[in-house]
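Engineer: Residue-level listing of the chains:
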Amino acid sequence: MRRLLRLSPAGWRRRYGAEMEALLHESRPGPREALDLARGALDAHLHPQWPDRSGPAAWLIWLALVVLAGCVNTWIVGAGYFVHLESLDGILGNGPVASELDPFALLVSGAWALGAILGFLGGLRTAGWFCVLMAARPISVWLTTIALTAAVLGGQPRTAAAVISTMAVWAYVFGPLAGGYLVGFVALRRARTPLGTALAVPLLAEPVVVWLILSFAAIPTMLIAGGTWAGWERSLLIALGPGGAATPFNYAASVQIALWAGLLTAIAMRRRRRRTRGQDPPAGARVPAGPDPDAPEPLAARRAP
Amino acid sequence: MQRNRRPSELSELGRFEEPAVLILTSLVEGPRHGYAIVTDVEAVAGVRLGPGTLYATLARLEARGLIEGLPAEDRRRPYRITGAGRVLVRGRLERMEAIAATGLRRLAKV
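These protein sequences, in sequence, are chains A and B.
Quick note: the first sequence, position 132, residue 132 per our numbering, numbers continuous.
One rule links them: number in our numbering = place in the second sequence (from 1) + 305.
Keep in mind the hints are simulated off the structure, nothing from the lab.
All values reported here derive from a predicted model rather than from experimental measurement.
Relax, there's no trap hidden among the hints.
Here are some chain A residues the structure puts well away from chain B; computed CB gaps all over 10 Å:
| # | residue |
| --- | --- |
| 1 | R3 |
| 2 | R6 |
| 3 | A10 |
| 4 | R14 |
| 5 | A111 |
| 6 | A113 |
| 7 | V132 |
Derived Cβ-Cβ restraints for the label pairs, each shown as a range:
| # | chain 1 | residue 1 | chain 2 | residue 2 | range |
| --- | --- | --- | --- | --- | --- |
| 8 | A | E26 | B | G370 | 24 to 34 Å |
| 9 | B | P376 | A | E26 | 15 to 25 Å |
| 10 | B | E399 | A | L114 | 33 to 43 Å |
| 11 | A | R2 | B | G408 | 40 to 50 Å |
All C-beta atoms in this analysis are idealised placements derived from N, C-alpha and C, irrespective of residue type, glycine included.
Next up, chain A with everything else stripped away, as it sits in the complex (with noise of 0.2 Å):
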């Protein structure tokens, strides 16, 4: 139980290790209190609560943590490109379905997940809420698949293939986008600073750009396909290359989530660092040599007429 508290930064060790050794002797600790410590490990090293000049700063660790979350995620996209389930692509086509509905791809969400219990953990809410939104993503894929195989069994394969491939391409195309843009707009909210703002808006506007580029691509080919909305659907999908939507949109989207985790976290950091300056104890404790007889009573002093 004790190695556990190496997991604390050097600093807290100094200041908290005895105490918490002493604690540890005294009561009987089991698994629940060890996760409670690993926990406390994590949170010390997030939110050091005076500056630990021992270690690099919460802020570095936030940033690697979320640029090794966005790499993870990209290397295990570009695994999941490789290794597509054949049986699903023969059911529903080579589109966005058959990716998401790969083994890979749950383990992207799987990563997610991670990311979303990290940041409610280390208190940063917003990035949580974000990886939530990333994790459920293939939910709405889950769903045109139930819808699928109502429509097989009810006789009308053609139909239900056709609405849920278009479903997909919503889905999978405009999520991100839309969710992309909730997170930029909670982060100009969050920021209220020019260098935040300068930060955020060229990532906001980068989707716009890269999906205008891709209409205007996918017009030329759509006139050609017939003018429809099946024609439109399909010439965006050979727009976005090989393999469907689904695999240059995740490289591109893996880099995108991590700068903007990182920007995210940076903002946080930056407001919380300014929120607390000047109310930071110096290094080590404050241990003061005796009583203090004056403590003071304000709400009774408030109360005295």
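Assemble the complex: chain A is given as a structure, and chain B must be docked to it using the hints.
Structural biologist: Chain B in isolation, oriented as in the chain A frame:
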């Protein structure tokens, strides 16, 4: 729905807000070290504070000047509530008391 929020440093503590109220309430009676706080809180509120939660909350309370550490006795450092901490916890407990009284009064009418 617009809530009438009163400025309080405790509300900034997020998930450590409830442990903070429990710890401050425990320290109102006098200085206590970590294990004594844990046992007192468990006896009073039926909540067992884990070591990570306890010291994360103590660090926050200390950083905000709501408690202060006394000289350690055999590795165990007692903590004492400050005047500011006393004011905050009193306000919080009075609010809780008012809510409880209102709720119980309404329940009695049902």
